[in-house]
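There are 2 protein chains.
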Amino acid sequence: MAEQIRVAIAGHGNLGRGVEAAIAKNPDMRLVGIYTRRSPEHLKPRDAVTPVHAMSALPDHTDRIDVLILCGGSKDDLPRQGPELAALFNTVDSFDTHARIPEYFTAVDAPARANRRTALISAGWDPGMFSINRIVGEALLPDGATYTFWGDGLSQGHSDAVRRVPGVAGAVQYTRPVKEAVDRVRSASRPTLTTREKHRRECFVVLEEGADAEQVHNAIVTMPHYFDEYDTTVNFISAEDLARDHQAMVHGGFVIRSGNTSKENAQVIEYGLKLGSNPEFTASVLVAYARAVHRLNAMGQYGAMTVFDVAPGLLSPKSPAQLRAEQL
Amino acid sequence: MAEQIRVAIAGHGNLGRGVEAAIAKNPDMRLVGIYTRRSPEHLKPRDAVTPVHAMSALPDHTDRIDVLILCGGSKDDLPRQGPELAALFNTVDSFDTHARIPEYFTAVDAPARANRRTALISAGWDPGMFSINRIVGEALLPDGATYTFWGDGLSQGHSDAVRRVPGVAGAVQYTRPVKEAVDRVRSASRPTLTTREKHRRECFVVLEEGADAEQVHNAIVTMPHYFDEYDTTVNFISAEDLARDHQAMVHGGFVIRSGNTSKENAQVIEYGLKLGSNPEFTASVLVAYARAVHRLNAMGQYGAMTVFDVAPGLLSPKSPAQLRAEQL
Ligand SMILES: NC(=O)c1ccc[n+]([C@@H]2O[C@H](COP(=O)([O-])OP(=O)(O)OC[C@H]3O[C@@H](n4cnc5c(N)ncnc54)[C@H](OP(=O)(O)O)[C@@H]3O)[C@@H](O)[C@H]2O)c1
Ligand SMILES: NC(=O)c1ccc[n+]([C@@H]2O[C@H](COP(=O)([O-])OP(=O)(O)OC[C@H]3O[C@@H](n4cnc5c(N)ncnc54)[C@H](OP(=O)(O)O)[C@@H]3O)[C@@H](O)[C@H]2O)c1
Chain H
197 MAEQIRVAIA GHGNLGRGVE AAIAKNPDMR LVGIYTRRSP EHLKPRDAVT PVHAMSALPD
257 HTDRIDVLIL CGGSKDDLPR QGPELAALFN TVDSFDTHAR IPEYFTAVDA PARANRRTAL
317 ISAGWDPGMF SINRIVGEAL LPDGATYTFW GDGLSQGHSD AVRRVPGVAG AVQYTRPVKE
377 AVDRVRSASR PTLTTREKHR RECFVVLEEG ADAEQVHNAI VTMPHYFDEY DTTVNFISAE
437 DLARDHQAMV HGGFVIRSGN TSKENAQVIE YGLKLGSNPE FTASVLVAYA RAVHRLNAMG
497 QYGAMTVFDV APGLLSPKSP AQLRAEQL
Chain U
197 MAEQIRVAIA GHGNLGRGVE AAIAKNPDMR LVGIYTRRSP EHLKPRDAVT PVHAMSALPD
257 HTDRIDVLIL CGGSKDDLPR QGPELAALFN TVDSFDTHAR IPEYFTAVDA PARANRRTAL
317 ISAGWDPGMF SINRIVGEAL LPDGATYTFW GDGLSQGHSD AVRRVPGVAG AVQYTRPVKE
377 AVDRVRSASR PTLTTREKHR RECFVVLEEG ADAEQVHNAI VTMPHYFDEY DTTVNFISAE
437 DLARDHQAMV HGGFVIRSGN TSKENAQVIE YGLKLGSNPE FTASVLVAYA RAVHRLNAMG
497 QYGAMTVFDV APGLLSPKSP AQLRAEQL
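Chains as they are written, first to last, in my numbering: chain H, 197 to 524; chain U, 197 to 524.
The hints are simulated quantities; they were obtained by calculation from the structure and are not laboratory data. Values in this document were obtained by computation on a predicted structure and should not be read as measured data. Honestly, I wouldn't trust all of these hints.
One copy or any two copies: either way a pair holds, since identical chains are not told apart in the list.
To be verified - Simulated pairs of lysine-lysine, DSSO-like, Cα-Cα distance not exceeding 30 Å:
#	residue 1	residue 2
1	K394	K240
2	K240	K375
3	K394	K514
4	K271	K375
5	K514	K375
6	K459	K221
7	K240	K514
8	K271	K240
9	K375	K394
10	K514	K459
11	K394	K221
12	K514	K271
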């Protein structure tokens, strides 16, 4: 085997742990270190031999790392870490604040370009694989309509919102596509769908002692932005049930493009994900793009990029000739 | 709008007619001509104003055409036309003899490279979009298994085989995925499936006068390679029913990758197509790749390529900045 790609992780949350697991599945890569803002000695890597360093050690470690995978949060961490670290390393991140992508792209592009680094932003599944399927679907069927459905999936933001309701001791929220809407979309009828028609929301809530169930229920289903535009079910369960049945970070969904290639003929393209673990799958995407970033940098392609700029063959450990012979 | 891409068609069968329809859906392109080996005056383009030329006129038309889409058959036409025309034009084709792709790639690569042309081979849906999903699925979930199911779809080769059976006046054959197999694959259990377990075959047959139905049935279901490894149903119908209900060239199928990102967590990726017209969808893919080929050639990327080498953003008429802002 050729030399392994030396990968490191910046930030050790759900995604960072997922990246550890993903690198272990890719023999052409090696995890050379985990970097954290917390005290390194308190972090427990999946594999005890993996070195853990302070984030502040990164500037001294530029010659040890081929690609640094940024696993910080999109809200507060990446807007600072992304531009800073793209000056020092080839990077991959999963920045997912859709509305701020252009500004984040620009902020990362300049330092990366100036230092001949390659920085792949906003990889993962949405943004990421779903985005690719949105633009390719549209390119293949220009006379058509695109639909993205999410779920069945645990939504972190909505679960947090429910937990902030007075009287709630614990909660999770699942986003579920509405089956009738999905069937209509799959039939190529290009329906116009409201927010309420596309998804419903289901909450599993543990009440605090003495809390009023009716009041909690109403506070949830009428919550502006989060729930008022949806049909929401609230189930009250015990703390034991919550701990036993609702820990998995399941998610997924599908992107459907339907369109006509002529008056007579309709076509439907569907890309779907059923994820047992949202952060582990997202991490697997980041790791495959780390391989591509390593190659793109070697080819002299510097600056910020997105998944739209990466040819699929670059994600695979196999050579172009092998891919053509075996998998085309 | 910027200057339109000038596209031409070489070969006017099902696929060639599909390309005509697809170009009409893409305002950034213009169909400048159809080239055929038959007498041009007998061809009927979809739009009567489209010029039809003899194939032999192509060498004199190199300055009129940005991308030539090769719509000849994979068996006899493309192996000759591909290398010859790649010396004169940027080309896109749908060469689908999987086993001969490496040799075809080499045959096209040399003349294209020598003449600074870009030649995209084996685009379409399989090879094509399905191939992309096979290699990306494997790259994202290296510890996993990939399954390709075809159908429900009309198979040209199998329909032809049935038509050659003595006593058959007309016939079509549909390939259908076996639902139980698909469900097992979707459950992430990574089953090992035999040919018989994955697909079944269904024939609709019009008998010649006086033909023996029992004999025809047996000749079909025991036919080596084509039917003997499958469970096959044979339905006898009237010539009117065949003409009325079985003209659409429907096809499709799905590529499923299931895998584990850790011992605990399984993930499933599924890409599916439901095609009202196989040639029109294939043609739409070729036309989107014609856009990419035009851009790649302008970027100085010469020689043979496959869909594995093309970044998704190049398929879209939108600019990278617009794609990032609106669709990532
Ligand atoms: N594109 C997609 O499809 C997609 C999908 C899923 C997630 N994402 C993105 O991924 C980002 C990260 O997600 P995540 O689930 O990994 O977030 P997280 O668990 O909250 O981790 C974020 C950061 O917080 C710090 N942290 C983690 N655990 C901590 C603890 N116990 N105490 C204090 N700090 C802790 C870590 O940095 P330090 O080690 O430096 O302290 C870590 O990098 C999200 O913001 C989201 O934007 C994208
Ligand atoms: N990659 C994929 O997913 C995919 C999917 C579907 C098909 N394909 C490929 O596409 C290829 C073309 O398919 P197709 O359905 O367009 O084949 P087709 O209809 O048989 O046409 C093939 C060629 O035959 C000639 N022709 C057409 N009609 C004719 C007629 N009535 N009499 C004499 N010659 C005629 C045309 O060349 P002239 O005009 O020069 O005579 C045409 O270019 C197939 O071989 C297959 O390999 C690929």
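A quick look at each hint next to the structure:
1. K394 / K240: neither (41 Å within a copy, 44 Å between copies)
2. K240 / K375: Neither way: K240 and K375 sit 42 Å apart in one copy and 44 Å across, limit 30 Å.
3. K394 / K514: between (40 Å within a copy, 27 Å between copies)
4. K271 / K375: neither (32 Å within a copy, 43 Å between copies)
5. K514 / K375: neither (39 Å within a copy, 32 Å between copies)
6. K459 / K221: between (47 Å within a copy, 11 Å between copies)
7. K240 / K514: Close neither inside one copy (33 Å) nor across copies (45 Å); limit 30 Å.
8. K271 / K240: within (24 Å within a copy, 58 Å between copies)
9. K375 / K394: Both ways: K375 and K394 sit 8 Å apart in one copy and 27 Å across, limit 30 Å.
10. K514 / K459: Between. Shortest inter-copy distance 25 Å satisfies the 30 Å Cα cut-off; intra-copy 41 Å does not.
11. K394 / K221: between (36 Å within a copy, 28 Å between copies)
12. K514 / K271: This pair counts as between: shortest inter-copy Cα distance 28 Å, intra-copy 36 Å.
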